[in-house]
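Assemble the whole structure, with the sequences as input and the hints as a guide.
Taken in sequence, the protein lines are chains A and B.
According to my numbering, the first sequence holds residues 5 to 538 in order.
According to my numbering, the second sequence holds residues 5 to 538 in order.
Simulated from the structure, these hints should not be mistaken for lab results.
Be a bit skeptical, because a hint or two may be false.
Label-pair distances were calculated between CB atoms; the ranges are [said to hold, decoys possible]:
#: 1; chain 1: B; residue 1: R285; chain 2: A; residue 2: P527; range: 34 to 44 Å
#: 2; chain 1: B; residue 1: R169; chain 2: A; residue 2: R10; range: 42 to 52 Å
#: 3; chain 1: B; residue 1: R163; chain 2: A; residue 2: D229; range: 31 to 41 Å
#: 4; chain 1: A; residue 1: A56; chain 2: B; residue 2: A487; range: 50 to 60 Å
#: 5; chain 1: A; residue 1: D193; chain 2: B; residue 2: A487; range: 25 to 35 Å
Just so you have them, the derived chain A footprint on chain B, three or more residues with Cβ under 8 Å [claimed, not checked]:
#: 6; stretch: 205-219
#: 7; stretch: 269-281
#: 8; stretch: 301-311
#: 9; stretch: 341-354
#: 10; stretch: 445-457
#: 11; stretch: 487-498
#: 12; stretch: 503-517
A virtual CB, placed ideally from N, CA and C, is assigned to each residue, including glycine.
Below are the chains, spelled out letter by letter.
2 protein chains.
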Amino acid sequence: MPERRRSWWGWGWADEALTGDSAAKLATAVAAALGAEVEPRPAPDLGDLDLAPPRLTPPAGLADICSSDVYDRSGHTYGKSFRDVVRGFHADLPHPPDLVAFPRDEADVVDLLQWCTDTNAAVVPYGGGSSVVGGVDGGGDWATDFDGVVSVDLTRLDRVLDIDRASRAARIQAGALGPVLEEQLRPHDLTLRHYPQSFQFSTLGGWLATRSGGHYATNWTHIDDFVESMRVVTPSGISESRRLPGSGAGPSPDRMFLGSEGTLGIITEAWMRLQDRPTFRASAAVRFSSLAAGVAAARAVAQAGLFPTNCRLLDAGEARASAGVDDGSAVLVLGFESADHPLDAWIGRAVECCADHGGETPEGIKVSAKPDEQREGTADAWRSAFLRAPYGRDAMVALGCVAETFETAVTWSGFDALHQGVTGAVERALKEVCGGGRITCRFTHVHPDGPAPYFTVLAPSRHGSQLAQWAEVKTAAADAILANGGTITHHHAVGRDHRPWYDRQRPVPFALALSAAKHALDPAGMLNPGVLIG
Amino acid sequence: MPERRRSWWGWGWADEALTGDSAAKLATAVAAALGAEVEPRPAPDLGDLDLAPPRLTPPAGLADICSSDVYDRSGHTYGKSFRDVVRGFHADLPHPPDLVAFPRDEADVVDLLQWCTDTNAAVVPYGGGSSVVGGVDGGGDWATDFDGVVSVDLTRLDRVLDIDRASRAARIQAGALGPVLEEQLRPHDLTLRHYPQSFQFSTLGGWLATRSGGHYATNWTHIDDFVESMRVVTPSGISESRRLPGSGAGPSPDRMFLGSEGTLGIITEAWMRLQDRPTFRASAAVRFSSLAAGVAAARAVAQAGLFPTNCRLLDAGEARASAGVDDGSAVLVLGFESADHPLDAWIGRAVECCADHGGETPEGIKVSAKPDEQREGTADAWRSAFLRAPYGRDAMVALGCVAETFETAVTWSGFDALHQGVTGAVERALKEVCGGGRITCRFTHVHPDGPAPYFTVLAPSRHGSQLAQWAEVKTAAADAILANGGTITHHHAVGRDHRPWYDRQRPVPFALALSAAKHALDPAGMLNPGVLIG
Numbered sequence: 005m006p007e008r009r010r011s012w013w014g015w016g017w018a019d020e021a022l023t024g025d026s027a028a029k030l031a032t033a034v035a036a037a038l039g040a041e042v043e044p045r046p047a048p049d050l051g052d053l054d055l056a057p058p059r060l061t062p063p064a065g066l067a068d069i070c071s072s073d074v075y076d077r078s079g080h081t082y083g084k085s086f087r088d089v090v091r092g093f094h095a096d097l098p099h100p101p102d103l104v105a106f107p108r109d110e111a112d113v114v115d116l117l118q119w120c121t122d123t124n125a126a127v128v129p130y131g132g133g134s135s136v137v138g139g140v141d142g143g144g145d146w147a148t149d150f151d152g153v154v155s156v157d158l159t160r161l162d163r164v165l166d167i168d169r170a171s172r173a174a175r176i177q178a179g180a181l182g183p184v185l186e187e188q189l190r191p192h193d194l195t196l197r198h199y200p201q202s203f204q205f206s207t208l209g210g211w212l213a214t215r216s217g218g219h220y221a222t223n224w225t226h227i228d229d230f231v232e233s234m235r236v237v238t239p240s241g242i243s244e245s246r247r248l249p250g251s252g253a254g255p256s257p258d259r260m261f262l263g264s265e266g267t268l269g270i271i272t273e274a275w276m277r278l279q280d281r282p283t284f285r286a287s288a289a290v291r292f293s294s295l296a297a298g299v300a301a302a303r304a305v306a307q308a309g310l311f312p313t314n315c316r317l318l319d320a321g322e323a324r325a326s327a328g329v330d331d332g333s334a335v336l337v338l339g340f341e342s343a344d345h346p347l348d349a350w351i352g353r354a355v356e357c358c359a360d361h362g363g364e365t366p367e368g369i370k371v372s373a374k375p376d377e378q379r380e381g382t383a384d385a386w387r388s389a390f391l392r393a394p395y396g397r398d399a400m401v402a403l404g405c406v407a408e409t410f411e412t413a414v415t416w417s418g419f420d421a422l423h424q425g426v427t428g429a430v431e432r433a434l435k436e437v438c439g440g441g442r443i444t445c446r447f448t449h450v451h452p453d454g455p456a457p458y459f460t461v462l463a464p465s466r467h468g469s470q471l472a473q474w475a476e477v478k479t480a481a482a483d484a485i486l487a488n489g490g491t492i493t494h495h496h497a498v499g500r501d502h503r504p505w506y507d508r509q510r511p512v513p514f515a516l517a518l519s520a521a522k523h524a525l526d527p528a529g530m531l532n533p534g535v536l537i538g
Numbered sequence: 005m006p007e008r009r010r011s012w013w014g015w016g017w018a019d020e021a022l023t024g025d026s027a028a029k030l031a032t033a034v035a036a037a038l039g040a041e042v043e044p045r046p047a048p049d050l051g052d053l054d055l056a057p058p059r060l061t062p063p064a065g066l067a068d069i070c071s072s073d074v075y076d077r078s079g080h081t082y083g084k085s086f087r088d089v090v091r092g093f094h095a096d097l098p099h100p101p102d103l104v105a106f107p108r109d110e111a112d113v114v115d116l117l118q119w120c121t122d123t124n125a126a127v128v129p130y131g132g133g134s135s136v137v138g139g140v141d142g143g144g145d146w147a148t149d150f151d152g153v154v155s156v157d158l159t160r161l162d163r164v165l166d167i168d169r170a171s172r173a174a175r176i177q178a179g180a181l182g183p184v185l186e187e188q189l190r191p192h193d194l195t196l197r198h199y200p201q202s203f204q205f206s207t208l209g210g211w212l213a214t215r216s217g218g219h220y221a222t223n224w225t226h227i228d229d230f231v232e233s234m235r236v237v238t239p240s241g242i243s244e245s246r247r248l249p250g251s252g253a254g255p256s257p258d259r260m261f262l263g264s265e266g267t268l269g270i271i272t273e274a275w276m277r278l279q280d281r282p283t284f285r286a287s288a289a290v291r292f293s294s295l296a297a298g299v300a301a302a303r304a305v306a307q308a309g310l311f312p313t314n315c316r317l318l319d320a321g322e323a324r325a326s327a328g329v330d331d332g333s334a335v336l337v338l339g340f341e342s343a344d345h346p347l348d349a350w351i352g353r354a355v356e357c358c359a360d361h362g363g364e365t366p367e368g369i370k371v372s373a374k375p376d377e378q379r380e381g382t383a384d385a386w387r388s389a390f391l392r393a394p395y396g397r398d399a400m401v402a403l404g405c406v407a408e409t410f411e412t413a414v415t416w417s418g419f420d421a422l423h424q425g426v427t428g429a430v431e432r433a434l435k436e437v438c439g440g441g442r443i444t445c446r447f448t449h450v451h452p453d454g455p456a457p458y459f460t461v462l463a464p465s466r467h468g469s470q471l472a473q474w475a476e477v478k479t480a481a482a483d484a485i486l487a488n489g490g491t492i493t494h495h496h497a498v499g500r501d502h503r504p505w506y507d508r509q510r511p512v513p514f515a516l517a518l519s520a521a522k523h524a525l526d527p528a529g530m531l532n533p534g535v536l537i538g
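Put into structure tokens, the structure is as follows:
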């Protein structure tokens with residue numbers, strides 16, 4: 005039986021790409037929604053690629069873990085942003101990595117870094133390759149500064165090494181993909197409960213390196229909050245923090261590596277805080293006549309100390325697409341879960357908070373579920389809109405559309421201006437460069453002091469123009485985010501794509517300090533050049 | 005009316021020191037408890053001090069904010085550890101700061117740093133001066149590397165500058181002492197709810213610089229969790245982070261300055277997340293026949309997702325002293341608070357968790373309250389055991405005893421070994437160097453993956469021997485903490501006193517990175533030399 009293969013140019017499993025009837029239906033629906041023509045083109049073929057020959061030959065000791073195979077090199081050339089998928093779709097891969105390394109253990113990682121140091125090769129930690137911000141590119145103009153680029157794929161380091169049941173923690177290798185680590189935790193009745201949209205195709209190490217946002221809409225929103233300790237291989241030695249439930253001993257070592265995006269070292273394992281598997285659940289979908297009322301309710305819930313697992317506000321456009329509510333209402337999806345206690349008091353009070361702001365809880369609103377290991381066994385859930393969305397995005401690339409998302413966070417007091425500013429700027433840009441299109445908004449996470457708005461853009465375009473058009477729209481969006489007090493990213497990371505705005509957002513003295521830290525750990529500047537710093 | 009004065013050698017207000025009958029009663033009680041004689045001596049007199057003359061003369065532009073007054077210099081020579089108080093009590097101040105500066109605004113801070121750079125003077129950010137780890141010493145052997153030392157007291161920068169009611173946040177100057185900032189928040193029905201034991205005599209900037217542990221026993225245990233953004237004056241420029249409810253844009257800039265203990269810059273203001281003032285409360289005191297049963301219950305509560313504000317487990321010794329329970333039981337003090345909803349379901353389930361582990365909730369256990377602005381108006385509460393404890397410690401110094409606390413955090417699975425290891429090591433050391441004494445333990449905070457045990461030591465000693473004896477006991481304690489997987493500090497910070505253990509605990513590559521960051525921001529190494537790094 006042939007091994008199931010990842011798509012080298014698009015999202016996820018190659019055999020799950022939309023084809024045939026599904027693709028045709030989508031084409032009809034998109035054309036209708038955009039009021040524009042679409043032009044389906046076939047997916048690219050691996051055999052059509054003519055990659056530049058690799059500049060590196062691995063030494064004997066590393067030959068077993070290094071590949072210069074076209075499939076591996078093309079699949080590790082980009083992440084999975086719209087920009088990446090468009091380039092892959094058009095076989096536009098001028099800078100593939102010279103080699104892809106698949107270390108079997110930490111010693112391989114150490115040896116690899118040493119060899120790359122010796123040969124002036126750059127090292128790009130690939131994670132699961134799901135970056136949507138240009139965080140794992142295997143090459144680029146910067147690559148000419150090096151005598152080669154090695155993309156490091158850690159997915160062979162995928163074991164749960166230790167379980168501490170009393171402390172509810174596990175030592176997990178950083179290359180474990182979401183389903184792989186959850187599968188190993190299940191027999192212990194434990195779960196990490198980290199479900200980004202990329203869950204199936206992203207790794208623990210990638211989540212840590214990019215401060216991934218996960219399952220919990222409130223309180224513990226980022227993977228950061230679940231870290232007890234980390235082990236990181238740097239060119240200047242291995243950093244291993246002490247496993248602690250909390251500490252006040254100087255600035256947190258882990259917090260320096262969290263969000264370092266592969267620029268300071270390669271994370272090889274971490275002790276992670278786990279959860280008991282939920283046995284109690286409660287949820288509600290609340291309808292509001294206006295987005296403003298929904299925002300006020302979401303704020304009330306976020307500030308009430310109830311800590312819902314899900315608190316997802318959908319604007320009218322998203323409510324129509326995801327919840328079948330087509331009367332212009334906004335919808336707030338609330339969910340609580342617990343392994344310890346019934347949740348009546350929690351959901352009851354949350355719904356009261358919503359009612360205070362005019363929220364109604366009619367029967368019959370169906371919202372797509374977020375992924376959850378409870379439903380893991382059912383094929384339906386795995387094909388839920390949430391996890392399937394990136395496949396749909398690939399299909400829209402094949403139709404010649406612009407289809408992308410971006411996200412931010414802002415204070416409650418700043419949200420209205422940011423929402424208007426971003427929506428207005430993007431709509432103007434879409435009209436100007438695409439002749440139309442639409443932008444919708446939802447909250448993925450809510451903090452006591454502000455929400456994390458997540459925007460989805462769909463617009464007509466043409467094959468050949470998609471990248472240039474999206475670049476203008478993205479610039480308009482990011483400029484508006486920064487002008488209105490937001491962050492360039494709440495949980496998608498910085499990579500290379502967000503650098504212009506990150507550099508404006510970041511305090512200058514902090515940039516000095518981070519650069520100095522980088523130089524101390526990576527004197528040759530070989531780790532993920534151009535990401536974050538350098 | 006003369007200004008109320010802080011004690012220059014001991015805790016808090018000079019006029020609240022234990023004297024007369026209170027001191028005599030304490031002497032009798034301590035002698036009985038220790039089965040040893042005590043030798044009361046009178047408090048020292050400022051007039052007896054003969055400080056070395058200041059090495060620095062401020063320039064005209066800074067003369068107004070600089071003091072070389074004996075009271076100011078002696079009061080800014082040490083923090084408030086046992087070691088500090090003993091040295092103050094014995095007028096042992098060989099290294100006072102040359103000047104104490106009281107900036108009126110941030111521009112003064114900038115000018116001061118520039119002048120200190122120009123004159124090769126070291127700068128010690130003093131906060132409220134409540135460090136118990138040697139974090140604010142105005143001098144020491146290291147001071148000879150400089151042509152002077154300036155202690156910077158920011159308590160004139162004590163204003164709440166902005167309130168964002170919708171986002172529940174405020175911009176607060178870093179020199180505001182606890183009561184000063186709470187007083188300004190109260191008219192807005194808001195509260196920071198950060199109540200370390202030092203609340204009255206520590207500042208927001210000090211809390212941030214030391215990763216202070218506060219009011220909440222669970223979830224948001226450290227001040228870190230309440231920071232939206234910070235403004236820090238460094239010798240290489242002013243760092244101001246963007247005000248955000250959450251972000252994934254690179255390593256967190258704030259997390260680099262949180263815990264930096266004045267070594268990277270002087271924090272001048274921060275946007276802090278606030279709370280609505282609680283209107284619902286529920287509490288219970290639960291008795292357990294063994295510490296082990298209490299630990300199991302505390303773990304169950306910590307892992308249940310109930311998030312009590314208070315979850316303080318007292319061992320038999322602490323239960324006797326603080327809760328009047330003298331049958332050898334351990335006591336778990338549970339408290340919930342909310343501004344939003346009744347807490348019956350929360351406390352009900354927490355008590356059930358305790359009952360599962362044999363906990364009983366008899367009527368009549370009285371536990372001393374933690375400080376709380378609700379009770380701020382009543383003199384009784386302000387004189388509660390919690391806030392009064394440091395005054396009692398001063399009185400024990402005057403009796404020639406050893407009296408000190410230390411704290412850590414460890415996983416649940418590691419707690420038994422740590423508790424036995426630390427208790428055993430300290431008891432052996434006490435017997436050997438003090439001929440007796442006692443150690444007790446409580447949990448100040450509990451995390452899902454482990455508690456923060458807090459130890460209190462009281463032992464007989466003699467004037468003149470206290471420091472040497474305590475040094476041996478502290479070394480035994482800290483060695484045992486590290487050997488058993490704990491952290492050298494959960495929320496007391498590192499300072500100079502914890503350096504030997506911090507240096508062993510901290511990952512070497514992180515130390516390289518932190519030193520490099522320090523050098524980038526403070527090239528002259530003038531900021532709090534010897535603390536954390538350098």
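Which of the listed hints are not met by the structure? Hint 1 contradicted; others consistent.
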